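> As they're listed, the protein sequences go chains A and B.
Sequential numbering of the first sequence, starting at 138, is according to the numbering used here.
Sequential numbering of the second sequence, starting at 138, is according to the numbering used here.
To be clear, the hints were calculated from the coordinates, so they are not data collected in a lab.
A couple of the hints might just be wrong.
Remember, identical chains collapse to one label, so a pair may be satisfied in a single copy or spanning two.
Mimicking DSSO-like on lysine-lysine, the simulated pairs with C-alpha atoms at most 27 Å apart in a straight line are [claimed, not checked]:
1) K206 with K346
2) K368 with K151
3) K343 with K308
4) K151 with K385
5) K304 with K346
6) K193 with K499
7) K368 with K400
8) K192 with K151
9) K562 with K400
10) K499 with K192
Keep in mind it's a predicted model, so treat the numbers as computed, not measured.
There are 2 protein chains.
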Amino acid sequence: MNRIEQHHLIPTTKYEIILDSVRRFLRRGAINPISKIVNKMHPADIARLISEVEKKDRFIIFELIQDVKIKASTIIEIEEKAMMEMLNEMPFDEVVAILHEIPSDKAADIIGKMPEDKAKELLNMMKTEDSKEVKGLLKYEEETAGGIMIPQFFALSENTTVQQAIKALQKAKEVEMVFYIYVTDDKGRLVGVISLRQLLLVPPRKLLKDIMVKEVISVATDMDQEEVARKVARYNILAIPVVDKENKLVGIITVDDIIDVIKDEATEDIYKMAGLNIDEHALDPTFSSIRRRLPWLYINLLTAILAASVVGLFTNTIQTVAILAAYMPIVAGMGGNAATQTLTVIIRGIALGELTLSNTMKALLKESVVGLTNGIATGVAMALIAYLWNGNYMLGIAVGLAMIINMFVAGLTGTLIPVILRAFKIDPAVASSVLVTTFTDVTGFFSFLGIATLLIRHIAV
Amino acid sequence: MNRIEQHHLIPTTKYEIILDSVRRFLRRGAINPISKIVNKMHPADIARLISEVEKKDRFIIFELIQDVKIKASTIIEIEEKAMMEMLNEMPFDEVVAILHEIPSDKAADIIGKMPEDKAKELLNMMKTEDSKEVKGLLKYEEETAGGIMIPQFFALSENTTVQQAIKALQKAKEVEMVFYIYVTDDKGRLVGVISLRQLLLVPPRKLLKDIMVKEVISVATDMDQEEVARKVARYNILAIPVVDKENKLVGIITVDDIIDVIKDEATEDIYKMAGLNIDEHALDPTFSSIRRRLPWLYINLLTAILAASVVGLFTNTIQTVAILAAYMPIVAGMGGNAATQTLTVIIRGIALGELTLSNTMKALLKESVVGLTNGIATGVAMALIAYLWNGNYMLGIAVGLAMIINMFVAGLTGTLIPVILRAFKIDPAVASSVLVTTFTDVTGFFSFLGIATLLIRHIAV
Chain A
138 MNRIEQHHLI PTTKYEIILD SVRRFLRRGA INPISKIVNK MHPADIARLI
188 SEVEKKDRFI IFELIQDVKI KASTIIEIEE KAMMEMLNEM PFDEVVAILH
238 EIPSDKAADI IGKMPEDKAK ELLNMMKTED SKEVKGLLKY EEETAGGIMI
288 PQFFALSENT TVQQAIKALQ KAKEVEMVFY IYVTDDKGRL VGVISLRQLL
338 LVPPRKLLKD IMVKEVISVA TDMDQEEVAR KVARYNILAI PVVDKENKLV
388 GIITVDDIID VIKDEATEDI YKMAGLNIDE HALDPTFSSI RRRLPWLYIN
438 LLTAILAASV VGLFTNTIQT VAILAAYMPI VAGMGGNAAT QTLTVIIRGI
488 ALGELTLSNT MKALLKESVV GLTNGIATGV AMALIAYLWN GNYMLGIAVG
538 LAMIINMFVA GLTGTLIPVI LRAFKIDPAV ASSVLVTTFT DVTGFFSFLG
588 IATLLIRHIA V
Chain B
138 MNRIEQHHLI PTTKYEIILD SVRRFLRRGA INPISKIVNK MHPADIARLI
188 SEVEKKDRFI IFELIQDVKI KASTIIEIEE KAMMEMLNEM PFDEVVAILH
238 EIPSDKAADI IGKMPEDKAK ELLNMMKTED SKEVKGLLKY EEETAGGIMI
288 PQFFALSENT TVQQAIKALQ KAKEVEMVFY IYVTDDKGRL VGVISLRQLL
338 LVPPRKLLKD IMVKEVISVA TDMDQEEVAR KVARYNILAI PVVDKENKLV
388 GIITVDDIID VIKDEATEDI YKMAGLNIDE HALDPTFSSI RRRLPWLYIN
438 LLTAILAASV VGLFTNTIQT VAILAAYMPI VAGMGGNAAT QTLTVIIRGI
488 ALGELTLSNT MKALLKESVV GLTNGIATGV AMALIAYLWN GNYMLGIAVG
538 LAMIINMFVA GLTGTLIPVI LRAFKIDPAV ASSVLVTTFT DVTGFFSFLG
588 IATLLIRHIA V
C-alpha cells in the first residue's frame, strides 16, 4: 500500500489538480469554468469531487451537471450519508427523475432509507412500472441476494432460436449489462445459461436449449450477500442469477455490486474488531464519531476495571516489591498481542469460509501449541532481561512463567471465543476482542502476581 | 457474517456432504466412486476439496480428474502454498501441460515462484509462443498492473468495420473472456473501446473509429494492483486495459482478478495491524505460524519493556500507595483502545483513498477532539468509580486526569503516526499499531504515576 499512496501527498495527479482548481473557482464564485470541468468528468469522479468540497458547495456542483443520466450516476456514487442528505434536500420531482434513471436495486435502497411518508409519496410519483419493481425489491432484507439484485435481466425461453435471441438482444435497451443470456422453461424456471459470445459462435437456427449450459450457478433470494460474494469470487463469474423458492428467475447480481460487498465486508471485519461502527469514515463529523465510539470505550472500561480488581488482591505483594508493578503490564500486554494474532487469523478464517466444524479442533490444537511455544520463546527472553535488570533470578522466573501461561491462554481463548460466539450466532468480529483481552489481562495479572506472592520470600531482598 | 456461517457448523450443505463421502471413500480406498464425484464437480470445488483432505490424499483426487483443462483450472484455484507444493512434486511434462492451459499471468506467477533452474527448464519445455508470453510477464513486478494482467486481449484497428469485427470475434478462440473490444491505431496505441453489445446495435458497415468511445480508462504497467482495483471498482468496469509508456496496449486485467486483489488487500490490512504474515491461514502448519509470529512478539516485548521502565521511575510512589498499580493498566489500556479506533479509521481511510494531503489536518483536528471528549467522558466516570472504590477523591482526580491526557494523545498519535509513516513511504498498517501503543503506554504510565507523585501527600492516607 505504501507505494501507491504517494500521489495523495502532493497534488500532482490530474484529479488533485481538478480538485484544487474547482476549490479556487468556488472561492471566487466563478461558476462557468466549474461547469465546463464538471460536464467533462466521469460520474464517479464528480461524486468524489462532491464529497471533498465543503457541504455548502455540494449542490452548486451537482446542479451544474446538465444530463440527468449523469446526475443520477453521480449521486449513487456518493458515500451513503452524504447522498441521503442531498436527496433529502432536493425537490421531490428531481428525486423522482433521478430514481427513474438508476438501477432499481439502488432506488429501493434509497427509498428504504427515507422517512416512511416521503417514501410513499415518492413511490406514488414514480412511473407504475418502476415503482412496482422498487416495491418488489423492498420486500427483501438489505444484505441478502434479494436486496442487492437488479430485477431487470435478459432471459429467453428455451425454445428460442439463436437468431431470435440476437434480435431480442438488439431490441433490449432497458437491460444495462448483458453478459449472459439466461434460459427459462415455460414456467419461468431457470434451466440454462449461454454467454453472449457463445451466441456468436453457433448456427443461427439452433435452439437455445440445445446449446445452453445446463448447470447454472445461482443463489436464493435470502442468501446473505457475503455468501453470494464468495460464490461469485469462487466461480469467477460476472453475474449470478437469483431464484425464488420455485427456482423461478427473479433477478441478477452483477460483479460490480459484488466488489462493493467484498470491500464493505472487509472494512466491516477490521472495524468491528476495533469497536467501530461500519459507516464511520475518516472525515465524518466529530460529534457523530464521539457518540459512536463511546459505548465501546465504556465496555472496555468495565472490563479493564474487572482486570484491575485482580491487581487489587495483591496490594500487599506490590507494597513489598514495588517493581512488580512494572512487570505486570508486560505479562498482560504480551498475552494481548498473542491473542490478537490468533483472533485475527481465526476471524478471517471464519469470514473466508476456511474454518469449518470439522477442522476447528485442529485449529484449537495448533493455536494452543503456537501460544505455548511463543510464550516460552518470549518468556525465557523476558526472564533473562528481568534477571539482568534487577539482578533477581526468582523475579525472572515469576515473569517468564506467567508469560508462558498467559500466552498459552491467549492461543486457547483466541480460538475458542470466536468459535463459541459463532455457534451462538453472535458475530465473532464484534465481541471477541474485548472478551479475549479481558481473559489475557486477568490471567496475566493473576498468574504473575500469584506466582510472585508464592515466591515473595525469594523475590523481596 | 453470523447468519451465513451457520451452515459450516453442520454438514448439511451439498458441499459438506460431498466432503464427508469423499473422506469415507478415501478411508476405504474406494477410488471409483471418488472419480465419479470429482469429474462432475466445478474446478473451484475440486480445489476446495483438495485443500481439505489430508496431504497424502491430494494427489489421489487430483489425478482422478480426466480432462487436463479441468486439471489446470483446479490447480490454480488451490491456495498458493499447497498449489506450489503439488506442482513441485509433479513430473515436468504434467506441469508443462498444465502451464499451457492456464492464463499466462498465472503461469508467470507459478514459474516466478519456482527454483531458478527448474523455471528455466520449464520455459524451455513450453511451446515458444506460450513461453514468450510468460517471459514477457516475468519482467513486471508481481503486485503491479503488469504482474496481474493477461497479455491476450482482443484489439482491432480503428479502420475495421463492424462486420469484420464480428467475424474476427467468432474466430478468436484463444481469448477467454471478451467484454470489450479495444481499438488501436496503426502504431498499436490504444485509442478507443467498444462493448460487445454495442457491436450488435450498429450498422455492419460502420468503422470502429466512428462508433468507439474515445475516453478509455486504462492503467500503466507499473501501477500498484491496489490502485488498479480502486479504479476498476470506482468506474464499475469489467476489464481494464494496460498500456506501456507509449500508450501501446500490452494486456488487460479482468474483474475476477480484481476481486482477488480486493480480498487479499483487505486481509493484508487486518493482518498487518496484528503483526501477521499475509500468507498465514487458520490451518497452516503450526511451526510456520510460530516462526512467522515470533518477530512481531519480540518487537512488542521490547516496546513493552520500554513502557515498563517508565513505571520503574515511580517505584517509591507505588511502594507508598500500592493500589496505584491497579489503576495504572486501566489508564494505559483505555489509551490503547481509543488509539486503535483512531488508527483503524485512519489506515482504512488511507487504503480507500479518502485521506489526502488536503484533508489530513482536518482529520487530525477531529481525532484530537474525539480523543479529548471521549477521554473526559470515560475519565470522569473512572474518577467517580475510583472515589467510590477507594474513598479517595484525589486518587480519582489523578486517574481521571491521566485518562483524559492519554486519550487525547491517542487521538493525536493515532492520526499522526500513520500519516507520517506514509510520507516516509513506510506501510502505515505494519508499523503504526506498535508505535502508537508504545506512545499510549508510556503516556498512560507517566501521566498517571506522575500526577499521583505530585499529589502523593493527598493520596496516601
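> Taking the hints in turn, state whether each one holds.
Hints versus structure:
no. : hint           : verdict
1   : K206 with K346 : between (37 Å within a copy, 25 Å between copies)
2   : K368 with K151 : between (37 Å within a copy, 14 Å between copies)
3   : K343 with K308 : both (20 Å within a copy, 19 Å between copies)
4   : K151 with K385 : between (47 Å within a copy, 21 Å between copies)
5   : K304 with K346 : both (17 Å within a copy, 24 Å between copies)
6   : K193 with K499 : between (57 Å within a copy, 17 Å between copies)
7   : K368 with K400 : both (15 Å within a copy, 13 Å between copies)
8   : K192 with K151 : within (23 Å within a copy, 51 Å between copies)
9   : K562 with K400 : both (23 Å within a copy, 24 Å between copies)
10  : K499 with K192 : between (53 Å within a copy, 14 Å between copies)
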